[in-house]
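Be aware that the first sequence starts at 12, since it is given in this note's numbering, and climbs by one per residue.
In short, the hints are calculated from the structure, not lab data.
Owing to the predicted nature of the structure, the values given are computational and were not obtained by experimental measurement.
A portion of the hints provided could be inaccurate.
Said to hold, decoys possible - Label pairs and their in silico Cβ distance ranges:
no. : residue 1 : residue 2 : range
1   : E75       : N369      : 48 to 54 angstroms
2   : G405      : G232      : 55 to 61 angstroms
3   : H328      : G232      : 49 to 55 angstroms
4   : K67       : R435      : 52 to 58 angstroms
5   : P511      : K67       : 31 to 37 angstroms
6   : E200      : A29       : 31 to 37 angstroms
7   : V505      : T477      : 22 to 28 angstroms
8   : H328      : P511      : 54 to 60 angstroms
9   : R16       : G499      : 19 to 25 angstroms
10  : F306      : R411      : 39 to 45 angstroms
11  : G232      : G499      : 55 to 61 angstroms
To be verified - List time: in silico DMTMM-like cross-link candidates among lysine to aspartate or glutamate, alpha-carbon distance up to 25 angstroms:
no. : residue 1 : residue 2
12  : K274      : E188
13  : K447      : D394
14  : K122      : E73
15  : K314      : E73
16  : K492      : E402
17  : K311      : E200
18  : K311      : E341
19  : K397      : E441
20  : K297      : D321
21  : K114      : E257
22  : K263      : D275
23  : K114      : D103
24  : K67       : D275
25  : K215      : D233
26  : K397      : E341
27  : K481      : E341
28  : K397      : E497
29  : K274      : E451
30  : K481      : D416
31  : K311      : D366
32  : K492      : E441
33  : K311      : D321
34  : K235      : D184
35  : K211      : E200
36  : K133      : E171
Every residue gets a Cβ at the ideal spot worked out from N, C-alpha and C, and that includes glycine.
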Amino acid sequence: MSQERFYITTAIAYPNGAPHIGHGYELIATDAIARFMRLDGRDVLFLTGSDEHGQKMQQTAEREGISPRQLAERNTARFREMGPALNASNDDYIRTSEERHYKTCAALWEKMVATGDIYLDKYAGWYSVRDEAYYDASELTKGADGNYTAPSGTPVEWVEEESYFFRLSRYQDKLLELYERVPNFISPETRRNEVMSFVKGGLKDLSVSRTTFDWGIPVPGDPKHIMYVWVDALTNYVTATGWPDETHPRAKFWPADVHIIGKDIVRFHTVYWPAFLMSAGLPLPKRVFCHGFLFNKGEKMSKSVGNVIDPFALASHYGIDPVRYFFLREVPFGQDGSYSPEAIVQRMNADLANDLGNLAQRSLSMIAKNLGGELPQPGPLGDEDKAMLAEADGLIAMAREAMSDFALHQMLSRIWAVIAEANRYFAGNEPWALRKSNPERFGTVLWVTAEVLRQVAILTQPVMPTACGKLLDILGVPVDKRSFAELGGGARIVGGSTLPAPVAIFPRYVEAETE
RNA sequence: GGCACCGUAGCUCAGCGGUAGAGCAGGGGAAUCAUAAUCCCUUGGUCGGCGGUUCAAAUCCGUCCGGUGCUACCA
Numbered sequence: 012m013s014q015e016r017f018y019i020t021t022a023i024a025y026p027n028g029a030p031h032i033g034h035g036y037e038l039i040a041t042d043a044i045a046r047f048m049r050l051d052g053r054d055v056l057f058l059t060g061s062d063e064h065g066q067k068m069q070q071t072a073e074r075e076g077i078s079p080r081q082l083a084e085r086n087t088a089r090f091r092e093m094g095p096a097l098n099a100s101n102d103d104y105i106r107t108s109e110e111r112h113y114k115t116c117a118a119l120w121e122k123m124v125a126t127g128d129i130y131l132d133k134y135a136g137w138y139s140v141r142d143e144a145y146y147d148a149s150e151l152t153k154g155a156d157g158n159y160t161a162p163s164g165t166p167v168e169w170v171e172e173e174s175y176f177f178r179l180s181r182y183q184d185k186l187l188e189l190y191e192r193v194p195n196f197i198s199p200e201t202r203r204n205e206v207m208s209f210v211k212g213g214l215k216d217l218s219v220s221r222t223t224f225d226w227g228i229p230v231p232g233d234p235k236h237i238m239y240v241w242v243d244a245l246t247n248y249v250t251a252t253g254w255p256d257e258t259h260p261r262a263k264f265w266p267a268d269v270h271i272i273g274k275d276i277v278r279f280h281t282v283y284w285p286a287f288l289m290s291a292g293l294p295l296p297k298r299v300f301c302h303g304f305l306f307n308k309g310e311k312m313s314k315s316v317g318n319v320i321d322p323f324a325l326a327s328h329y330g331i332d333p334v335r336y337f338f339l340r341e342v343p344f345g346q347d348g349s350y351s352p353e354a355i356v357q358r359m360n361a362d363l364a365n366d367l368g369n370l371a372q373r374s375l376s377m378i379a380k381n382l383g384g385e386l387p388q389p390g391p392l393g394d395e396d397k398a399m400l401a402e403a404d405g406l407i408a409m410a411r412e413a414m415s416d417f418a419l420h421q422m423l424s425r426i427w428a429v430i431a432e433a434n435r436y437f438a439g440n441e442p443w444a445l446r447k448s449n450p451e452r453f454g455t456v457l458w459v460t461a462e463v464l465r466q467v468a469i470l471t472q473p474v475m476p477t478a479c480g481k482l483l484d485i486l487g488v489p490v491d492k493r494s495f496a497e498l499g500g501g502a503r504i505v506g507g508s509t510l511p512a513p514v515a516i517f518p519r520y521v522e523a524e525t526e
């Protein structure tokens, strides 16, 4: 019996600076999905990485007097460190400057050539020498002297450069057919609408090589050209599976199940990428999911405004798990979201410390103090107990349903609804009064509560791996009994076992005194 | 300019043809096992404006206003 596979990727980051919270958000969300699938029994490949070539890297390196490779080396290190800093469980970290990627890109290029989709022509456009960039005619303004200038105010001239082109125009119908045949190929739907209207508007062939700089992957047979951004960058997803080596241990992972990307790069992933793959005769990824942007108190983050949030600082200040929980619970996945210190503290205290943390603490410390730490065996279950358990048992099905569209926020909201119900159950049964009046009932209420906590903790592991691990520790759940196979009522927490001393899992956040 | 989406309680949003909902915030009460956490009750909305379809519209249609995204043009 072969295990079901799941291949998920983030976009690869351009390490022309330091990682910001947008990179962190994408990594956290993708990681949570990857962890979910692993716990649900899939054989997962989770890939992230960096896109290190290109003119900007080369320019920045020149400015700093180092080689592009040295710059990539230095900046990529910081992006890599973000993995551990946010507790990401990626199986690989790919860099487009790696040898393996050069091989795969060359192979993909040759396939496209063989199909007849690559041809040599001239790339013509308005070029600003000072900016070292091309501008579209629509971006230009006409000066008093009749000459055109770029948005930056610099003069532009008409330049023609030899370039290889990809016959994107051939793929218009095939792409539209794809979007119709696989309606969730692009989600959320609003992104799908945009892409479809763009493709319906007609596709022009794509310039896919450059000769004006050399920090990139050489075009096979014509090394004065390097592959221009999209062929190079997108192909990383295939590289990681070892293609074209069909005996590679990871060959089985292509096609990817989902690419998680930001909404700014939708077109490249849903138009260019599938067209390249069709041309090369490779299977297409099953889905592309676009998340939104994060705003700082409703304002766009930008370096010039100085409101950019550093993911490292955020995680070290509030803790990795609370930060992960906050972004995944607060922001409907696929929509834009907003960050503020007040909002994160609100979530930490209300959802984590009060609702979940305190429920665990009050019930487990009751077991520790009154029962010598021995988890009670339940007596006969009443309707109320059964209803409570049924809610917990129903969680896994609801979670899978939500996750079929990567609705992490929805999954969390449903889990927290059960936690709220457990608080009602606990308060309604008043175990502190039952302690003397009805010891058997006392034990039953505590057992049911512990069982609900067990299922909640197992299911929330993808979002808060460390904290949920600790919670499962103090619930006495063995490490090999923490997968989703243990959910839904088929397995129960074992009464009669001795639990470790309870410790607070989610401390209340109190703002440090600012003298 | 075109296309799409959105505008519902102070805030974030769900509902998408059948008597206005959730969470948080605000107000009152209960309890005291617990990280002063929890539980119960409660204030609060002409569902952006106007017009239409319908026995019935937040929900469908038209139009206007406001916002967002994609795209085009003014060469």
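Structure versus earlier hints, numbers of those that do not hold, lowest first: 5, 8, 10, 14, 20, 22, 26, 29, 30, 31, 32, 34
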